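Colleague: Letter by letter, the chains look like this.
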Amino acid sequence: MKMNPMEQFAVKPLIPLHIAGYDVSFTNQALWMFIVVGAITLFMGLAVSKRSLVPSRMQSMAEISYEFVANMIGTATGEDGLRFFPFIFTLFMFVLFSNVLGLLPGSFTVTSQIAVTFALAAFVILLVIVTGFLTHGIGFLKLFVPKAPALLLLLLVPIEVISFLTRPISLSVRLFANMLAGHTMLKVFATFVIALGGAGGALSLLSVAPMFLIVAITALELLVAFLQAYVFAILTCIYLGEALHLHDHH
Amino acid sequence: MSAPEPEDLRALGDRLDAVQRRGAVRGKAPPPTSLGVAFRFTTELVSALVVGGGLGWGIDWAFDHWSPIHTKPWGMVVMFVLGAAAGIRNVLGAARQLNAEMAAANSDAGDKAP
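The listed protein sequences correspond, in order, to chains A and B.
Mapping of the first sequence onto the numbering used here: position 55 corresponds to residue 55, and the numbering continues sequentially without gaps.
Residues are numbered in the numbering used here as their position in the second sequence, beginning at 1, plus a constant of 250.
Calculated directly from the structure, the hints in this document are not laboratory data.
Hints are not guaranteed to be accurate.
Which residues of chain B face chain A? A partial, calculated answer using Cβ under 8 Å [to be verified]:
id, residue
1, Ser284
2, Ala288
3, Phe289
4, Thr293
5, Glu294
6, Ser297
7, Val300
8, Gly302
9, Gly333
10, Ala336
11, Arg339
12, Asn340
13, Leu348
None of the values given here were measured: they were computed from a predicted structure.
Heads up, the beta-carbon is just placed ideally off N, CA and C, and yes, glycines get one too.
Sequences and hints are given; from them, build the entire structure.
Modeller: Shown next, in the form of structure tokens:
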């Protein structure tokens, strides 16, 4: 019997496809991205289809998520950040649904792949840079120049630049590592249940203990799934806010 | 069920606006888990080291290939140290941000207490 806790992260081609020497197979990864996008579309579409004044459960869930993201942008970026609402709302819902759907047994967690999270983070940073230059022109580079004596700037500017370049990496690694660690932990405890259950005698009775632990960890993972989506979105807001207002927050 | 009067609707809209202006509906996240905080700090620190070291390595490589001057170990040594400094700066920034969030959450909780 296979009990490899990392096996769940394997990307497997479902429909092999090779174009001009490149492997562009339709994988389980791609399938689950479609499922995530489909689930979000279905949820938002169903929720707002009635548009009733007194919202149904579905509609109020959609309204809560809308207000949650709008308030997050309002506090972290400022009112002028609201023009990024469609982008940040999409980002938040995509990460949230990927994380939560990944908790279903037998599913595939899209955000447990560094390629996915890094693509998202790289896009965020590119958007921050473009926004910064569009808003402030060349003055955006002042972001890398803290208020300090000129001699110290020689040291501080490289530090600021490195610190800025760190963002896409820390943003993507944090989400990916959280998902990877949580799901690996669940699988490891699940193998304990099977191993103890098969041991026979008094040891079989003990297998109940890791099972209860799995229930508790699953609850924790649900919190982590939401929290990581929130962290990803709010850091995007903060970075965008910095690009819009430069040193206001220091 | 009869359709509500437009005047009623407008009054309701005004009242809802007033509630929103008071900030009754706000984006709130649960407090971060300890594991989450630990992950946050380590990724901030480690990724700065990686970026710093990587940049230094790239500088050395570029000088080695495209210029008569060889900087070989020094680009990486200097940038790695700067990367460490940037990492510490990132962690301090993250800690400051978490503190601010906690303080905001605490003051909200204080408001609700009788």
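Colleague: Next step is simple, just say for each hint if it's right about the structure.
Modeller: Against the structure, the hints:
1. Ser284: 11 Å, violated
2. Ala288: This hint is violated: alanine 288(B) lies away from chain A, its Cβ roughly 10 Å from the closest one there, beyond 8 Å.
3. Phe289: 6 Å, holds
4. Thr293: With a minimum Cβ separation of about 4 Å from chain A (threshold 8 Å), the hint on threonine 293(B) holds.
5. Glu294: 5 Å, holds
6. Ser297: 4 Å, holds
7. Val300: 7 Å, holds
8. Gly302: At 5 Å from the nearest chain A Cβ, glycine 302(B) passes the 8 Å test, so the hint holds.
9. Gly333: 5 Å, holds
10. Ala336: 4 Å, holds
11. Arg339: 6 Å, holds
12. Asn340: 6 Å, holds
13. Leu348: 10 Å, violated
Of the numbered hints listed earlier, those contradicted by the structure are 1, 2 and 13.
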